[in-house]
Amino acid sequence: RQLLQGVEVALVLDDGGTMPASLSVDFQVAHLVIRTSQSARAIPMGDIRGDVIIRGNASIPGTTGPDAVKCSTLLMQDNQFVSLSFVDVPSRSFFDTVFRAMLAARKAGAVPVKA
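Residues 1 to 115 (our numbering) are what the sequence shown spells out, left to right.
Since the hints were made in silico from the structure, they are not lab data. We treat Cβ as the ideally placed atom computed from N, Cα and C, and that holds for glycine. Accuracy of the hints is not assured; some may be wrong.
Unchecked claim - Distance windows between CB atoms, simulated: (1) GLN38 to GLY109: 30 to 40 Å; (2) ASP96 to PRO66: 30 to 40 Å; (3) GLY109 to GLY16: 32 to 42 Å; (4) GLY109 to GLY17: 38 to 48 Å; (5) SER37 to ALA108: 35 to 45 Å; (6) PRO66 to ALA105: 13 to 23 Å; (7) GLY109 to PRO66: 19 to 29 Å; (8) GLY17 to ALA108: 18 to 28 Å; (9) ALA108 to GLY16: 34 to 44 Å; (10) ALA40 to LYS107: 37 to 47 Å; (11) ALA42 to ALA105: 11 to 21 Å; (12) GLY65 to PHE27: 29 to 39 Å.
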């Protein structure tokens, strides 16, 4: 339910800096929506590889260094990625678990999918 309502995260930028953002999933679990003060992006859930949450890759911002344990980096089609930084490790771990479960349920057909 938290992801439907939106959670506050920091979007990790290419230069390693961060930008405050809100992360949510739409009711149909069809899109992951990332909103910043400047824009919003709806990423189709089918474009996200749920089996891959990257950590420890020096070429991807947010996956190394002391704060990497608070980050999740989602790999999408065409090797695009989005890195998210959470306030603490339990928040990141909760997101990883819930997000993987949502993707698995969607893939299994347990979540209604708009055609």
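Going down the list of hints, with the structure as the test:
no., hint, verdict
1, GLN38 to GLY109: 30 to 40 Å, "36 Å, holds"
2, ASP96 to PRO66: 30 to 40 Å, "19 Å, violated"
3, GLY109 to GLY16: 32 to 42 Å, "39 Å, holds"
4, GLY109 to GLY17: 38 to 48 Å, "40 Å, holds"
5, SER37 to ALA108: 35 to 45 Å, "36 Å, holds"
6, PRO66 to ALA105: 13 to 23 Å, "34 Å, violated"
7, GLY109 to PRO66: 19 to 29 Å, "41 Å, violated"
8, GLY17 to ALA108: 18 to 28 Å, "38 Å, violated"
9, ALA108 to GLY16: 34 to 44 Å, "37 Å, holds"
10, ALA40 to LYS107: 37 to 47 Å, "25 Å, violated"
11, ALA42 to ALA105: 11 to 21 Å, "19 Å, holds"
12, GLY65 to PHE27: 29 to 39 Å, "36 Å, holds"
Of the hints listed earlier, those the structure fails to meet are numbers 2, 6, 7, 8, 10, in rising order.
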